[in-house]
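There are 2 protein chains.
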Amino acid sequence: EDDDNRNPLPERLDDLEPEQIALLLESLPQDVRRHAWNQVSVEHYAEVLVAMRSEARESLLRQFDSDTLDQLTSDLDAETLIELADSLPDEIVDIALARMDDRQRGHYEQSASYAEDLLGRYVDHELLILPHNSRVRDAERLLRRQVPDYSEHVWLIDRTGRYTGAVAINQLFGAASHQPLAELYDQDLEPLNADLPLKDACDRFETAAVAALPVVTAEDGRLLGRMTQRLAFEVVHEGYEAQLMASAGLDEDEDLFAPVMRSSKRRATWLGINLLTAFLASWAIGLFEATLQQVVALAVLMPVVASMGGIAGSQTLTLMIRGLALGQITTANMIPLLKKELSVGGLNGVLWAIVVGIVASVWFESAAIGLVIGLAIVINIAAAALSGVLIPILLERLKIDPALSGSVILTTVTDVVGFVAFLGLGTLLLV
Amino acid sequence: EDDDNRNPLPERLDDLEPEQIALLLESLPQDVRRHAWNQVSVEHYAEVLVAMRSEARESLLRQFDSDTLDQLTSDLDAETLIELADSLPDEIVDIALARMDDRQRGHYEQSASYAEDLLGRYVDHELLILPHNSRVRDAERLLRRQVPDYSEHVWLIDRTGRYTGAVAINQLFGAASHQPLAELYDQDLEPLNADLPLKDACDRFETAAVAALPVVTAEDGRLLGRMTQRLAFEVVHEGYEAQLMASAGLDEDEDLFAPVMRSSKRRATWLGINLLTAFLASWAIGLFEATLQQVVALAVLMPVVASMGGIAGSQTLTLMIRGLALGQITTANMIPLLKKELSVGGLNGVLWAIVVGIVASVWFESAAIGLVIGLAIVINIAAAALSGVLIPILLERLKIDPALSGSVILTTVTDVVGFVAFLGLGTLLLV
Numbered sequence: 349e350d351d352d353n354r355n356p357l358p359e360r361l362d363d364l365e366p367e368q369i370a371l372l373l374e375s376l377p378q379d380v381r382r383h384a385w386n387q388v389s390v391e392h393y394a395e396v397l398v399a400m401r402s403e404a405r406e407s408l409l410r411q412f413d414s415d416t417l418d419q420l421t422s423d424l425d426a427e428t429l430i431e432l433a434d435s436l437p438d439e440i441v442d443i444a445l446a447r448m449d450d451r452q453r454g455h456y457e458q459s460a461s462y463a464e465d466l467l468g469r470y471v472d473h474e475l476l477i478l479p480h481n482s483r484v485r486d487a488e489r490l491l492r493r494q495v496p497d498y499s500e501h502v503w504l505i506d507r508t509g510r511y512t513g514a515v516a517i518n519q520l521f522g523a524a525s526h527q528p529l530a531e532l533y534d535q536d537l538e539p540l541n542a543d544l545p546l547k548d549a550c551d552r553f554e555t556a557a558v559a560a561l562p563v564v565t566a567e568d569g570r571l572l573g574r575m576t577q578r579l580a581f582e583v584v585h586e587g588y589e590a591q592l593m594a595s596a597g598l599d600e601d602e603d604l605f606a607p608v609m610r611s612s613k614r615r616a617t618w619l620g621i622n623l624l625t626a627f628l629a630s631w632a633i634g635l636f637e638a639t640l641q642q643v644v645a646l647a648v649l650m651p652v653v654a655s656m657g658g659i660a661g662s663q664t665l666t667l668m669i670r671g672l673a674l675g676q677i678t679t680a681n682m683i684p685l686l687k688k689e690l691s692v693g694g695l696n697g698v699l700w701a702i703v704v705g706i707v708a709s710v711w712f713e714s715a716a717i718g719l720v721i722g723l724a725i726v727i728n729i730a731a732a733a734l735s736g737v738l739i740p741i742l743l744e745r746l747k748i749d750p751a752l753s754g755s756v757i758l759t760t761v762t763d764v765v766g767f768v769a770f771l772g773l774g775t776l777l778l779v
Numbered sequence: 349e350d351d352d353n354r355n356p357l358p359e360r361l362d363d364l365e366p367e368q369i370a371l372l373l374e375s376l377p378q379d380v381r382r383h384a385w386n387q388v389s390v391e392h393y394a395e396v397l398v399a400m401r402s403e404a405r406e407s408l409l410r411q412f413d414s415d416t417l418d419q420l421t422s423d424l425d426a427e428t429l430i431e432l433a434d435s436l437p438d439e440i441v442d443i444a445l446a447r448m449d450d451r452q453r454g455h456y457e458q459s460a461s462y463a464e465d466l467l468g469r470y471v472d473h474e475l476l477i478l479p480h481n482s483r484v485r486d487a488e489r490l491l492r493r494q495v496p497d498y499s500e501h502v503w504l505i506d507r508t509g510r511y512t513g514a515v516a517i518n519q520l521f522g523a524a525s526h527q528p529l530a531e532l533y534d535q536d537l538e539p540l541n542a543d544l545p546l547k548d549a550c551d552r553f554e555t556a557a558v559a560a561l562p563v564v565t566a567e568d569g570r571l572l573g574r575m576t577q578r579l580a581f582e583v584v585h586e587g588y589e590a591q592l593m594a595s596a597g598l599d600e601d602e603d604l605f606a607p608v609m610r611s612s613k614r615r616a617t618w619l620g621i622n623l624l625t626a627f628l629a630s631w632a633i634g635l636f637e638a639t640l641q642q643v644v645a646l647a648v649l650m651p652v653v654a655s656m657g658g659i660a661g662s663q664t665l666t667l668m669i670r671g672l673a674l675g676q677i678t679t680a681n682m683i684p685l686l687k688k689e690l691s692v693g694g695l696n697g698v699l700w701a702i703v704v705g706i707v708a709s710v711w712f713e714s715a716a717i718g719l720v721i722g723l724a725i726v727i728n729i730a731a732a733a734l735s736g737v738l739i740p741i742l743l744e745r746l747k748i749d750p751a752l753s754g755s756v757i758l759t760t761v762t763d764v765v766g767f768v769a770f771l772g773l774g775t776l777l778l779v
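Heads up: the sequence lines are chains E and W, in that order. Using my numbering, you'd call the opening residue of the first sequence number 349 and step up by one each time. Using my numbering, you'd call the opening residue of the second sequence number 349 and step up by one each time.
Isolated chain E (complex conformation) (with noise of 0.2 angstroms):
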């Protein structure tokens, strides 16, 4: 039975980190991860469960004891908990929650008070905090301590906590110990604000050249936490691991070892929808069954025409998918674009009509297929660039992520346009 589970595990699982544990775990079947989990020590728990994509996190969730429940919620922070607390049984969430002290509960009910796409939710609280009117010996008797990761800034509160300013750290070294810090702000330093969605967010640390921002609710300004460079990196990772997904028709959090019946129903549903269109080709191609029955060369050149649709048209679908995602795609270039993929379809359909003509033609011994295979390419090409352009702006109107379902559409249209236009050519000039 676990013959199979030869995967070479390091000889000690826990001096790695904890998102290179999180990973390994991930590649392992489920009965293995459950043994390689037991080589994890008690202070990583929370951080490789977090690293860990939360079908997987899931799994082995499910198989713990109290005893490791236990240990797991002893000592999570407000940002693990959220992480985390999606994973978890409600009462393990409140049994963590009952175990956290008051600032960190307190965290947590702020955080758990934004929706899963707002910045909010997802702010850290390893700040350095000064009030407003603090002077610059009281930032060097605060620096003298621990310092979290990625701190280059002290930021400044006032009485209510709103946020004030921040002042870099750097520019401590140059003023005298008594300067009010207020006198040192950092002008350039935009807070981000807690409504923020995520996304929009991480977009502000393309500009940003700092590693972490602070981050204010929008009521009253209040300094609520930080969001850093890294926690975008890791957004903007995950977006596009979801966007590979979904193009599949895949959920982002797939286990690689998902049990076989839940992960069978959950592709059943794109086979589904995916048999619908094909369904569809299909009547297409029914409507000339006599034709086929007469010319028997259309049934066998039929895929090529559908297939070279399809090929243009993904082209133009991904080059816009990439615009969109990119903002680049605006009603005042969206005819411009339309023309050029056109041409460039016009150009590329009048080119493999001629060769896919020329092929047909010999092989079927029959000049008339050459031309019906031509004309349906060029035809078919034509309908890809445009549909390659007007879909994704389409779906993107209606909300719908192009990235998920562009491609299904996009090949319905050049299977159902192809074959209705070289069958219906075919029965034109051939029959």
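By construction, these hints were calculated from the structure, which means they are not laboratory data. Wrong hints could be hidden among the right ones.
Have a look at the derived ranges for each label pair, beta carbon to beta carbon [stated by the list, open to error]: (1) E:423 to W:748: 46 to 52 angstroms; (2) W:481 to E:437: 55 to 61 angstroms; (3) W:568 to E:614: 30 to 36 angstroms.
Simulated coverage check for chain E against chain W, where a stretch passes if three residues somewhere in it have a Cβ under 8 angstroms from a Cβ of chain W [claimed, not checked]: (4) 403-411; (5) 416-429; (6) 490-496; (7) 590-600; (8) 614-621; (9) 653-664; (10) 690-704.
Computed from the model, here is a short list of chain W residues facing chain E with C-beta under 7 angstroms [claimed, not checked]: (11) 364; (12) 439; (13) 440; (14) 556; (15) 641; (16) 719.
We treat Cβ as the ideally placed atom computed from N, Cα and C, and that holds for glycine.
Based on the hints, put chain W in the right spot on chain E.
Positioned in the frame of chain E, the structure of chain W alone reads:
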């Protein structure tokens, strides 16, 4: 002619950040782009060009007059010239080099000596450096000046330029001014090797909790420069974009408004490769011409079998591509993975075989047709699961990116297997 160019340019393009200007310029048709460039102020030239994707950048550079080129090359630093060099004519690079000071020219030559995929090429030189026998007061004096972004450490070097260690800036606050810095070394900060592939260097930022790491030469440990988390962010971002584009046979630097001829030529290659695989599928169908003539229903239903296999296979393939990218696929977990994917494929194969079988039986009033398509779907989905696991592993061994060509090869397999299974069974059972 220019009617379509209604792109709403901001009143002053130059109020935007260089990265935003770059995105905006890329989104403009080439003639409008050239005009819009006039709104970019001279001091942003280099930054905007560096932020642009290379094809769009080159479309602009080709149209620069000698004045603009002169302004561009008047004050380039080493990192900027490294980024732009491939887009500039050699003689312009030489002019820019001649106008650099000796220090920057030295940096440039050092960076240029590393290959395009190595970290050494991309280091920046905005460092806080001190001799290794310096004291706390020396560091304090250094920090009074303008410090570079992302500075959490001062780095120390010996007389030969060899990196000896890093001191966290906040450590200075607790220390006496005469204390040697060497007593305050941060032991956790491992320097990066300049010979490291850039990708691996990016991975290091997943676990290193600092915004910048020192980069040293492989031969003698000399401090070359630094790598920032921001660079890692950019490289990972570009890598994903390249993967998205490659999946449709597009170049990662493809300009949204590339000239029609150039764009057509590039895409033609991908269409040509696809055409070969489509002809392979046609050839497979051609083997059963006689059967098709007798049972035209087979021609109508063919695409359903091929398409179900293609979709099921692409799901497995996508899961594998992610696993390979994360380093999670090993010889040890390959067999359990294959078992799992075959089980998932088996379940979904049987499920959809029944559904499609019933639909086909009713449509063509023949239980035999239903049986034939049902069996063909089970066979093709099983073949898809097998190919979905094995093709990417094989490609990886051959050092071919599975994200680039995996999908084409997989679809070829599922098309050919699908057509042969369906038409072959049809020949056996229906004729």
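Do the hints match the structure? See the list:
1. Taking 46 to 52 angstroms as the suggested C-beta distance range, the pair residue 423 of chain E and residue 748 of chain W conforms, at roughly 47 angstroms.
2. Taken as a hint, the range 55 to 61 angstroms holds for the pair residue 481 of chain W and residue 437 of chain E, whose Cβ atoms sit roughly 58 angstroms apart.
3. The hint said 30 to 36 angstroms for the Cβ distance between residue 568 of chain W and residue 614 of chain E, and at roughly 54 angstroms that hint is violated.
4. Look at the region 403-411 of chain E against chain W: 0 of its residues bring a Cβ nearer than 8 angstroms to a Cβ of that chain, fewer than three, so the hint is violated.
5. With a cut-off of 8 angstroms between beta carbons, the region 416-429 of chain E has 0 residues touching chain W; three or more are needed, and the interface restraint is violated.
6. Judged by the Cβ-Cβ criterion of 8 angstroms, the region 490-496 of chain E is covered by chain W as claimed, because 3 of its residues qualify and three suffice.
7. With a threshold of 8 angstroms between beta carbons, the proposed coverage of the region 590-600 of chain E by chain W holds, since 7 of its residues qualify and at least three are required.
8. Under the rule that three or more residues need a Cβ within less than 8 angstroms of chain W, the assignment of the region 614-621 of chain E holds, with 5 such residues.
9. With 7 residues bearing a CB less than 8 angstroms from a CB of chain W, the region 653-664 of chain E meets the requirement of three and the coverage assertion stands.
10. Three residues within the 8 angstroms Cβ limit are the bar, and the region 690-704 of chain E against chain W gives 8, so the coverage statement holds.
11. Taking 7 angstroms as the C-beta contact cut-off toward chain E, the hint placing residue 364 of chain W at the interface is violated, the least distance being around 9 angstroms.
12. Violation of the interface hint for residue 439 of chain W is found here, the shortest Cβ-Cβ separation to chain E being roughly 32 angstroms, above the 7 angstroms cut-off.
13. Checking residue 440 of chain W against chain E by beta carbon gives a least distance of about 28 angstroms; that is not within 7 angstroms, so the hint is violated.
14. Taking 7 angstroms as the C-beta cut-off, the interface hint given for residue 556 of chain W is violated, the closest approach to chain E being about 9 angstroms.
15. Evaluation of the residue 641 of chain W hint against chain E yields a held restraint, the C-beta minimum of about 5 angstroms falling below 7 angstroms.
16. This hint is violated: residue 719 of chain W has a C-beta 17 angstroms from the nearest C-beta of chain E, more than the 7 angstroms allowed.
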